[in-house]
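Q: If you read the sequences in order, they're chains A, B and C.
Just add 56 to the spot in the first sequence (first one is 1) and you have our numbering.
Just add 27 to the spot in the second sequence (first one is 1) and you have our numbering.
Just add 444 to the spot in the third sequence (first one is 1) and you have our numbering.
In case anyone wonders, no lab produced these hints; they're calculated from the structure.
Simulated restraints on C-beta separations:
{"hint": "1", "chain 1": "A", "residue 1": "P473", "chain 2": "B", "residue 2": "D314", "range": "23 to 31 Å"}
{"hint": "2", "chain 1": "A", "residue 1": "L587", "chain 2": "C", "residue 2": "G550", "range": "26 to 34 Å"}
{"hint": "3", "chain 1": "B", "residue 1": "P109", "chain 2": "A", "residue 2": "G477", "range": "27 to 35 Å"}
{"hint": "4", "chain 1": "B", "residue 1": "T163", "chain 2": "A", "residue 2": "E212", "range": "50 to 58 Å"}
Computed from a prediction, not measured in an experiment: that's the story for all the values here.
C-beta atoms are modelled at their ideal positions from N, C-alpha and C, and glycine is treated no differently.
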Amino acid sequence: MPTTPDTPSALGSPARRSEGREKVTGAARYAAEHTPPGCAYAWPVPATIARGRVTSVDTAPATAVPGVIGVLTPYDAPRLGAADDPTLRLLQDLSVPHRGWYVALAVADTLEGARAAAATVRVTYETDPHDVILSVDHQRAYTPEEANGGHPAHREQGDPDAALAAAPVRIDCAYAVAPLHNHPMEPHSATADWDEERHHLTVHDSSQGAGPVRTALAALLKLTDEDVTVVSEHVGGGFGCKGTPRPHVVLAAMASRRYGRPVKLALPRNHLPATVGHRAPTLHRIRLGARTDGTLTALTHEVTTHTSRVREFVEQAAVPARVMYAVPDMRTIHRAVALDVPTPSWMRAPGEAPGMYALESAMDELAETLGIDPIELRVRNEPRTEPDSGLPFSSRHLVECLREGAERFGWADCREPRRQGPHLIGSGVAAATYPVLVAPSTARAHALPDGGYLVEINATDIGTGARTVLAQVAADALRVPLDRVSVAIGHTGLPAASLAGGSSGTGSWGWAVHDACTALTARLERHHGPLPTVGLSASADTTQSAKQKSPYSRHAFGAHFAEVRVDTITGEVRARRMLGVFAAGRILNPLTARSQFKGGMVMGLGMALTEHSTMDAEFGDFAESDLAAYHVPAHADVPTIEAHWIDEHDKHLNPMGSKGIGEIGIVGTAAAIGNAFCHATGHRLRELPLTPDRVLTALGGAG
Amino acid sequence: MKPFAYVRATSLQEAAAAYASHPGSRYIGGGTNLVDLMKHDVETPDTLIDLTRLPLHDIRELPTGGLRVEAGVSNTDLAVHPLVRTRYPALSQALLAGASGQLRNVATTGGNLLQRTRCPYFQDVSKPCNKREPGTGCAARDGVHRDHAVLGHSEHCIATHPSDMAVALAALDAEIELYDGEHGTRRVAAAGFHRLPGEHPERDTVLRPGEIVTAVLLPPPAPGAVSLYRKARDRASYAFALASVAAVLALHDGRVRHVALAFGGLAHRPWRATTAEERLTGAVPTDEAVREAVDAELAAARPLPDNAFKVALARNLARDAVATLVRSAPGAPPARPQP
Amino acid sequence: MAARERNPLRQQQAAPPSAPGPVHSRVALRVNGRSHVLDLDNRVTLLDALRERLDLTGSKKGCDHGQCGACTVLVDGRRANSCLLLAVTLDDSEIVTVEGLAAPDGALSPLQQAFLDHDAFQCGYCTPGQLCSAVGVLREAAAGHPSHVTGADAPADTARPVVLSAEEIAERLSGNLCRCGAYNGIAEAVAACAAAGTPDRTPPPTPDVIA
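Input sequences plus hints: build the corresponding full structure.
A: Spelled out as structure tokens, the structure:
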């Protein structure tokens, strides 16, 4: 990227978060932290049956609560327009597709009043038999057309069954990943303000993309896009569960319009598992066929998962097998069962996170069976082209990641498991992959008469550091120092851009910002004399370039190393060391990138050791519904983590040369930890997480 | 949360009188569990009587060498007190193994004893629970119960008591001092303060209506006694016990002169392992002897389909705890080389 | 940061009657050095009083049940989960929130600066709680408070400060969850401040509340 000699490149520099000061002083306002005059508070009422119909809603006790403004029910709620997403068709009919589905909304002057009113709403139901438990041989399992991300549910090459039958060495293993919850620290919240006079709805929403929220609200409330403004300035994490509009924002908007008051709605934490999506449980069967030298000859990865009866969402967990290893005969297939459960959705690296847990565990089992070093096994099966598509990789440095990781981790020195008193210590490795996704975006850049520059784009910073890295992209394209650039994001009044998801933000938005700033630079070069008082502007729209189908297979890769300590007395497993090496294009900001990688690894640690949700067969809800029962890792669970990367120069990505980095950190982490556990104890656990109940049972309870 | 009136008591008499004159009232100390349950509508008091301004914040050494801990003392202040750390390490360790720093700063000694089970069915008013609503049934028995009781449960309730502190108090032979306006003060043994569920799981403790926990009395430690608390949990910190053990041990001539073992996370109350203690008293505390004693205690366990691991876990914890104490107790046999 | 003016319309609609009724109380709180007298529904938690009545939205609501630590503030000098404290029980208390950590001139406290330097947050939602909790951690360690990981053989002497190792910091901050996984950065930031011995600029605790 061109820079003038006196302007060091902003990209690649460890610039601190531009909104950091606001965040450490408490000045940064999140969606529920706006209180327009006359603001009311809403509290939703979840269904308490697993399946059936509402037969009555008695709101009398609720409306008798002092300060209650009203209660919306399926009988009287505003009729909504068409919704692409049926989970947003709230209070439109009497059916209850799963426990926790919202059946009423109490609105009151105060938060306390709204909560108390919601508790007094009396709902009666007619119940139908329900079915909420996934099994691999479930009678209603079906193969969908597509899994999430538009991936074909079923792919087959060659004759995997024959190849397996002929293989000298075979692995045939089943793995299970429990349902998982995103649980961003900020629960889903919205403040909606309908202005009848202006015929305009203004919403502060905790969302990964204000644009899609506006589109959905406009359609649902039968407004035009111009009638709706959505602001998502600061967002307290999302990890996928704020990727598209969720019920809270629709309810808040409906209530504001009905009652003519601004309405604030922050979901209670224990509502989240049922209403904002979760990572569906996945049951995996992996079969590997190999020659005695470790060369893979056959691979099948069969995934069974659940979806809801409301909307089909199929976790694409067999998809990474299509990318990873050179196998001529391969089958990857997804089966789904539509159960009376909450609708699953995106959670950090949907597909890759559970899929690579299974695949990379199986690879470890194969290495063990063959007596081959697990790194060497992977190296031997490195493909020349993407196995499924046959496309060349735009860049692929998995082997380099494994080698450098092994060097940094001291892999060669920890091949023997150790015992320290009651503790067993072992090490494991696993590979990681995540696709490069890109979506069209637009941006506008302004040169201001005071010498500053303003970049506008409706991007969202959910904690990734988007503001900061976009300013870095702009500074280099404008060839100016970073501190001259300010960035406005998180508002539908800004040029439209894609949502923060699929690790696509920086690539997609950065491309538009780069193009707008490059255009502005050209305009400034042609301009002579002082700038007009309104400054000079240029815009960009990457629709053409972003939609162009790449002739390359584009993925980031990585390698995870973990050392665990297993307490044979308590069955507690703790990670002692974690190290990741990633090849993800050009790293644009090493400070925030390292945090992203490490953050993903922490979530992977949770997936491996502590996070677990159980579908309650009787009640149809997740038993671990709050942060006391659902154990996201705490400080004490997290060792010092190292995240490194390999410089990758890939010209087939975007002008910055970057790949997404938000998700790859979680991919493979759980497998590395599980493999380390097996190394330490000699026991292979094929179901996550590795909690004391499972570990003690595996160890035979011996101390 | 239902609206409620608020009364700030400045003396025990005033608090008891307020209770008598306000039906449906509850006392509040730190409130870290009560407010939590009020938000779930599990607790629906009409009146809260605030005890935090009562003069019950002292830890005093008694002439006997014991300690009197008033009920308003925070979990933090109790855990860090030099006399608690030196004389009752199991108590300090139990407190520090529980909750978080900020919760311990607010939670009180009395409130810790009176916290309710974390059974998810108890906390969800849309589901049956005999403890919350007698006669509605126990949803946990056939439901998600990995964390539930393996000892002393009944067909009506399989909940566990979540306190770490109470487990240590049970092992330390503490007494709980109670006050009520009518009868004055009485004391009950900590080990008998919490109940087994039986026919009445709605009653966690032997506390009578209106009674106030005023203090915990710790007897002087047995001569030469050492103690510890050990806890296993799903994450490294800030999680309730899957199982825990408080152990107290004094040796004489290589034999057990005094031993107390109490388990947490296994039952509706801290489980004082009297069978194991009887077997060990007077015995040479070899690993074999400890294992036999603990196994005899845990023979009473009736695990549910998904929590049998707790029996093995408790056995491991107890054996390790006693072995650790044997190594550090005065009068221990000479250390043998570790395998 | 000074509290924004509360809007009159909202007060008119939402405020309880001026004379506290049986389920309302008048509560005096000193927050970040400023005195407030509030007529509150007895159900109002300190967290909601801060966020919805005083427009001090720095303290976050992550779980509302003491399970995440995002609402951590300092009450009379000690860290506490403000979501589990009923405001009515805190009459005459001294509260410090994240808005009160920086100097009046806006200069960041050493901890705040260290959080920036060590990239100790991503989304920022747990950050105010982590910061207030860290103030408490530094004070507790200075006061000699042990933790779950402090060796049993450590001197039981409250006058002797505890050295904050990485393990100690992690254990003591475990009541503050961070879903972005910024734990390493947070621990590094706190360690840097512990080493520098400059905990914070908040008003010192009154002597009778810290042992």
